Amino acid sequence: MEFIQKKTIDRAVEFFLPKAAEGELSLVWDRYEGQLPECGFCETGLSCRDCLQGPCISHPFRDSSKQGVCGKDKNILAAQSLLRLVLKGTMVYLDQLNDFAYGIESKGVKPKNKEKTDQILKAIQSLIHHGGDQLKKEFPKSLMRRWEEAGIAPEGIARDLFKASQNLEGGMGGVEETLLWSFKASLLGGLAKRLYGNLKKSVFGDFIPTRVEVSLGVLKEDAPNLLIYGYVSPILKRKIAEEAKKKGAHVAGVCTDPLIPPFCFPQVTNYGSQEIPIMTGAVDLIVVGNEWVNPSLTRIAKEWEVPILLSEGLKRGKDPNQWARQIVEKAKKSFDFRRNIARDIPEPTEVAVMGFSREQVDPKKVMAALNKGQVNGIVILSGSNNVKYTQDHELLTMAQEFLKNDLLCISNGQASVALAKYGLLNPAQREKHCNKIFSEILSSLGKDIPSILDFGSGDTVDFLFEIAKAGKKEMRSLPMVAVFPEAHRSSEVTEAMWTVAMGISTYFWPALPVTGSQQTMEALTTFCFEKFGSKLNITTDKKIDARTKASLVLKALKGEEGFGLSGKPWK
Amino acid sequence: MKILVVDKNKCTGCHQCELWCGTEIASVSKELYQAIREEPHPIPRVYVEGKDFALQCRHCEEAPCIEACPNGTMRRDPETGLVYVNEPTCIACWMCVMVCPFGIINPSASMKVAIKCDRCRHMGYPICAEVCPTQAIKLEERKDYRTKAF
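From first to last, the protein sequence lines are chains X and R.
According to this note's numbering, the stretch in the first sequence is residues 59 to 629, in order.
According to this note's numbering, the stretch in the second sequence is residues 227 to 376, in order.
Calculated directly from the structure, the hints in this document are not laboratory data.
This structure is a prediction, so every number in the text was calculated from the model and none was measured.
Hints may be right or wrong, so weigh each one.
As the list claims (entries may be wrong) - Lysine-lysine pairs mimicking DSS-like chemistry, simulated, CA-CA at most 30 angstroms apart:
| no. | chain 1 | residue 1 | chain 2 | residue 2 |
| --- | --- | --- | --- | --- |
| 1 | X | Lys124 | R | Lys364 |
| 2 | X | Lys65 | X | Lys77 |
| 3 | R | Lys256 | X | Lys601 |
| 4 | X | Lys124 | R | Lys234 |
| 5 | R | Lys236 | X | Lys446 |
| 6 | X | Lys593 | R | Lys256 |
| 7 | X | Lys303 | X | Lys390 |
| 8 | R | Lys256 | X | Lys600 |
| 9 | X | Lys124 | R | Lys277 |
| 10 | X | Lys388 | X | Lys304 |
| 11 | X | Lys303 | X | Lys174 |
| 12 | X | Lys124 | R | Lys236 |
| 13 | R | Lys338 | X | Lys124 |
| 14 | R | Lys364 | X | Lys446 |
| 15 | R | Lys256 | X | Lys607 |
| 16 | X | Lys124 | R | Lys369 |
| 17 | R | Lys256 | X | Lys446 |
| 18 | X | Lys613 | R | Lys256 |
| 19 | X | Lys65 | R | Lys256 |
Work out the full structure: start from the sequences and follow the hints.
Structure (structure tokens):
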């Protein structure tokens, strides 16, 4: 089955595609074509392989095979497909938090604020066993009450996650019950991300907006390039950065947190094109974590003789100092060994200001701008890349459409890196992407504000709560939406779920594996709206372009009357 | 004449052929997400018999369905030799359904026509063969077992 599409809009990445084709190197796009057509039952959530009597399907076109062996019908199958993803995604945030806490407890780093760090470590313990009583107090009371009414208020990692996972083992839970368990599990992920952000602040110091270089051009021609791929413990990352600074190595990152104060890791590229940096020939050593990293790197790295070190594993180095020394040493040796390999680095780089927090952007000013109608709404851009779409195209086009309509755009994680590549996080280019009046409004919100604000780990939600507090309103009554234009990972599904539970309507692309069941699809909109005042919108139309998607979001923000929060009509 | 050959040893019973035939051939929208919700349900022209055999019309040389059809609705394409239903003239008498030795003709109660595989005669390549992940369904030249002398 032939499938033709433009692979990426990133010119630096596009430059390497013909080279890969000449060398008969299969990249992510080629492998995707090899997978087509993907299993329709799995895609629509109508399959189950939770037990060994299956795998089972619910056949959409036949009167027979409507139920699995155990009797799960299409509605339950779809709801459970979502739960399975959410559980896996929640584990990502819990693992990162646990990993960080473990590093601090084993004295891998000296925290800047010892007292606060101890408090957060205690809060983590409390989250494991009791659902974090202190944490619950940090959420608005009305939201907490709503969660308690729905039965999804966190009661502890141990209890919630174990119980939620047992829904997949059997039982009589219907669609709504299963969805509520998904929300409950996702909230734990949300809490873990928030705790991770707070812990990072207390250990490394408060976030300050930092200039980060982005694009393939950040690789150095004449120094060892050490690349960190995926999630690697922040403690190890800092040690590597310290060691590399001493030894004259250059450290950059792909799909990894760019800011570990006082260090910042230039971002070479984002998720969809993670194989490309190796093809420049300028990468001397790769340190990989598990999350975000594609196994395909092994084969490409072998082609360019790049050694790969695993930061995670059963036999990992326990002492981060020694481990970091070894890593940097190996990078230098590899640089010497690889001297005869040509380096082909595209020159231009882009500057991005990342790591805003509520201290730098005044929530009261944002609320005032919303009330005056100077800002028509707030959009959170999240997610990464999905090979089903032209890399970055959906995200960039939608962001541009939102900026044209005077919406305050907030991004985080990989979405920020993707947008940074096109200058949307560069304050100097603000006027290029926004009209003059909106640009002035943005600049009045704080110092050095780019068109799109990148918030550090877990700070997005805090900022939104502050805005709601400033306006003395609930989040659900504010013109806010979250958009995932090119999502692919289970942790992004978890993020979408907790965003909905917090009262922010969310748009998610591609369609989640629930489209096989009309009831589950409706539950994600009508049932969620009853419970949380927000919806998880999934579009089943595959053929709509990014502008149409943006207009869907804009229409939802405007409301039927076409008026914003200010009551003034949109221009 | 080319026919669809099914290798029983390769068929895993994954039902992908049914799903994509239902979407590509039988549905109005031609999109999986929408086809699932169409009423009446699209009827795939292929079905997986038992656990591991995808079965569709064999386009018999001596087709009983053509013989049984009272008004010439069931026809053979003179160029390709493929047997197909001329839907506008079908009177839903279900004679073809009764005589088919493979039981592959579907009586569509809602549309009042007999529905069967025409081996995607208007498409470049049959969809079931194209989507089969193990290549259990293949398009091959029909082997002539009978000699001319016989």
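Consistency of the hints with the structure:
no.	hint	verdict
1	Lys124(X) <-> Lys364(R)	28 angstroms, holds
2	Lys65(X) <-> Lys77(X)	14 angstroms, holds
3	Lys256(R) <-> Lys601(X)	12 angstroms, holds
4	Lys124(X) <-> Lys234(R)	24 angstroms, holds
5	Lys236(R) <-> Lys446(X)	29 angstroms, holds
6	Lys593(X) <-> Lys256(R)	28 angstroms, holds
7	Lys303(X) <-> Lys390(X)	12 angstroms, holds
8	Lys256(R) <-> Lys600(X)	11 angstroms, holds
9	Lys124(X) <-> Lys277(R)	15 angstroms, holds
10	Lys388(X) <-> Lys304(X)	14 angstroms, holds
11	Lys303(X) <-> Lys174(X)	29 angstroms, holds
12	Lys124(X) <-> Lys236(R)	24 angstroms, holds
13	Lys338(R) <-> Lys124(X)	24 angstroms, holds
14	Lys364(R) <-> Lys446(X)	28 angstroms, holds
15	Lys256(R) <-> Lys607(X)	21 angstroms, holds
16	Lys124(X) <-> Lys369(R)	37 angstroms, violated
17	Lys256(R) <-> Lys446(X)	18 angstroms, holds
18	Lys613(X) <-> Lys256(R)	27 angstroms, holds
19	Lys65(X) <-> Lys256(R)	24 angstroms, holds
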